[in-house]
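Engineer: Once you have looked at the hints, place chain U on chain A.
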Amino acid sequence: MNPFSYERPETVPDAVRLAAASARARYLGGGTNLVDLMRETVERPDALVDVTGLSQGIEARGDGGLVIGAGVRNTAVAADRAVRTRFPVLSRAILAGASGQIRNMATVGGNIMQRTRCTYFYDDAARCNKRAPGAGCDAVDGFNRIHAVLGASPACVATHPSDMCVALAALDAVVHLDGPVGRRSIPLTDLHRLPGDRPDIETELAPGELITAVELPPLAFAARSTYRKVRDRASYAFALVSVGAAIDVQDGMVRDVRLALGGVAHKPWRAWKAEAALRGGPATEASFRHAAETELADAAPLSHNAFKIDLAVRTVTAVLSELTGAAA
Amino acid sequence: MRFTINGRDVEAEFDLRTSLLDLLREHLHLTGSKKGCNQGACGACTVLVDGERINSCLALAVQYQGRSILTVEGLSAGGELHPLQRAFVEHDGFQCGYCTPGQLCSAIGMAGEVDRGIPSVLTADLSRETVVLDYDELRERMSGNLCRCGAYNGIVAAITETFGAEATR
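Sequence order for the protein chains is A and U.
Following our numbering, the numbering of the first sequence begins with 1 at its first residue and continues without gaps.
Following our numbering, the numbering of the second sequence begins with 1 at its first residue and continues without gaps.
These are calculated hints, taken from the structure and not from any lab test.
Predicted, not measured: the structure shown is a model, and the values here were computed from it.
Treat the hints with caution; some may be incorrect.
Derived coverage of chain A by chain U (criterion: at least 3 residues anywhere in the stretch with Cβ under 8 Å from a Cβ of chain U; other residues may be distant) [unchecked claim]: (1) 1 to 12; (2) 68 to 81; (3) 87 to 98.
C-beta: ideal position from N, C-alpha, C; glycine also.
Looking at chain A on its own, in the form it has when it is part of the complex:
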């Protein structure tokens, strides 16, 4: 691990000022991903700004929305009474991720900013455009069973590992930022980038910008929402495919729906096409399957991961059927 300085500021402006002092500074949350990457020398910050004491609390707004501080631990979000009743998909997504120990450490901001678990990204004997831009990608023609089927590029086929972000993408979450040029907000679905030819640039955050909060706008029908994760073992594994969904059905017709996928792309994948196909149509298993197939129509499998396309279609169909009680 390379040497670094350490500061634990008491305010967000102090944190932003400290991070601006070095181009290689990094904000430190629970450290569950960054410390590991520093040990592997994939990450080599020269300054750590510990933001775990900042941006605390979950504000349950009267209009049904929520504002979750970026420093809140994952366990605390999942256990929060308002999150559990208004947005159960978020509780379930968080609880489907990592282990009890890691959820106690990890923060909301750190979860959003965590990096891919592509094994070639971690292996400094492998070529990786994300770790060393221009070096090439050993995953494209390598063992790519866990990799992306949507939105990938010849430069990078890695996936975003977060479960929490899949729920946030489905719920139209807005991410609040503070930084050297002031405060701004960005939809979670616009925060992470597709890899293109610069997979090393993973988000739209400007240098020195800090996530301070995540806002969930009111969505009454999200009280009936859920998350399903398919993985290689029953617990404590990253997703092969995951689905976060909320659906509003009246008289057998889909009035509105929110749907996002994990494990399939470089970012949490909001299923806009499937949602459009579902709205106004019948809430039947056949229409759920058709919508999922519409979303996956552009999927491009690699040598080892074509199974993810069928798996995604089936998981979307199953989750929507479960939420609506549609006949299987």
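Structural biologist: Coordinates of chain U only, in the frame set by chain A:
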């Protein structure tokens, strides 16, 4: 930098790169907490910080200044094993023993989470205030601790006896 470790105030100076696990093992010679994978995958390094379980291998020690840390060395009191330690012996909750300190600390932290009504991914009804620690819930909640000897049946039996749905706490 100051810490409270197993009830004692401790002052230590160390390189900022030191993990909490290495601080415990290499600087303070509390070698009960184990280094298995050193990347948060096995749980052998699990300790309790202010009662909450964490992976000490992924924790930079500097972040935990001023906190109260409990390791396996602090579980017994007055020469008496913790009830969970006795249950591990009784139920053969280990073979080689390498994962045991992490299993013990993790289970104690897990029991606290159950007491506080924190749900798991298996909790069917998120609106319920209380959690029943049945067989499936226990196994899910302990999934961050691996045992390569495969002593899981004994581990589950020991934790169930001490903290399970039928246990009186």
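Engineer: Each hint needs a verdict: does it hold in this structure or not?
Structural biologist: Taking the hints in turn, this is what the structure says about them:
| no. | hint | result |
| --- | --- | --- |
| 1 | 1 to 12 | holds (count 6) |
| 2 | 68 to 81 | holds (count 3) |
| 3 | 87 to 98 | holds (count 6) |
Checked against the numbered hints given earlier, this structure breaks none of them.
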